[in-house]
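Start from the sequences and build out the full structure, keeping to the hints where you can.
Quick note: the sequence shown uses full-length UniProt numbering, first residue 1, plus one each step.
Hints are supplied without guarantee of correctness; some may be wrong.
What the hints assert, rightly or not - Result set (DSSO-like, lysine-lysine): computed pairs, CA atoms no more than 27 Å apart in a straight line:
no., residue 1, residue 2
1, 202, 285
2, 202, 180
3, 202, 5
4, 269, 5
5, 327, 146
6, 269, 285
Read the hints as simulated data drawn from the structure, not as lab findings. It should be emphasised that the depicted structure is a prediction, and the values quoted were computed from it without experimental measurement.
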Amino acid sequence: MDIEKQQVLIYEAEKACNETLNTRETSPIEDGLCKVVWDGIMCWSSTANGSIARERCPHYIIGFNPDGIAERECQANGSWKENPLYNSSGGWTDFSGCILKNDQEKFSLNHMSQIRLMYNIGYGLSLVSLIFAVIIISCCRRLYCKSNTLHINLFLAFILRATVSFIKDNVFVNDIGLTKDVIFKNDGRVIFNEEVSHWECKLLYTIFTYCISVSYMWIFVEGLYLHMVVYRTLFTERHGIRIYIVLGWALPFTFIIPWMVVRITLEDKFCWNMNETPEHFWIIKGPIIFLLVINFIFFIEILRVLVFRVKSNRKTRRTEQIRKLGKFLLVLVPLLGVPYIVFAAYHHGLNPDIDIIHLYCEMFYNSFQGLLLSLLFCFLNEEVYSEVLRCCRKRKNRLQYKSTMLTSIRHGGQASRSSADVARTNSQSHSTGIGSEHTPRLFFNDRNAASTKDIHFSNEDVTI
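Here it is as structure tokens:
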């Protein structure tokens, strides 16, 4: 159980307790009884004075043992006993019997802040690296190909996922809803406000769900395309990649829309981020798990073909074959989302320590996957690296060419002015009969005019 589910159950329990309290207030008050009270976690019924009320610990609190017993003392004067260490006007509840010494939920609570910090850092790094990767691949024309076009769409899907995740985490209060959707109590608690419209938070959570789904869908599309390239090369060459792009962005609507209809008609509660009926969420979770299983099958088939091709090359040494297979695995595992299968297959509750390790691994991979993909397919890719260097050299040569041309034009202007001066001198020489023999030599030695043409051709050769 997560914190979001806990908030929902606390709210539901408080609502039921308030209804009981309102019913008791309309009926005659019996003497010698402590009244019904909500202590912030659970509801206590009326209790005879001078006795101790005992209730089973609430099952919806993280770190509590539902088989434990919570106690609350009703004093002889008909009021609940208070604890001087706590500012509790409605009395004090002893939850010491509810706390487990070694419980998976307690571990989850203790590690929640570290996990949240980790995936915020991961999503931040992924977002920045993916944006730069899209810019680099889009700006280098020689990198335009079918696979890189699909990679760009995959990057865009993860950019959307990271962006919307940041927005949701920052604008949702305690993972319940927007500021207008909650009520802040004087004791610091935050409860859901049912008196206002909640279409804004429902829309935001629907967009968030779509972005998560579309990132899984694009992992499937990458696997499908790679499988078709290996087994159906002719089909891929004839039909192009338009069908893959449409599939990646449009197919999630086939289960997002039914989920929205079910939420509106059957479970239109909160901001749709709480699931009182887990079966409804399987409308989204089911297709995603199915796609991950299909992608894992693609991974096995593609890996089988690659192993066969590497081993069939007898000229390659065994160490070189292992190195090539290692590189294939390094690319295929994150590209096809193989770890998602491991995370989905794990069953929580087997061991608290393993549960925490699993939670750390899953959240780490989910948040840092975008960074890993951008490194493998952009920043550490030899083809991309060579093309970026070529573009940088081309740009540098272009700037040098422009600078040289400007210098040549200025020199050419000076040469034109020199020629004009020579012409005037020549005309004067004809009229005076002095210096006429120097005119051909001076004009012939004017190398500035010829230098412009020479520099132009030499730089054209460099640029091309």
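Q) Which hint numbers does the structure go against, in order from smallest to largest? A) Hints that this structure does not satisfy do not exist here, as all of them hold.
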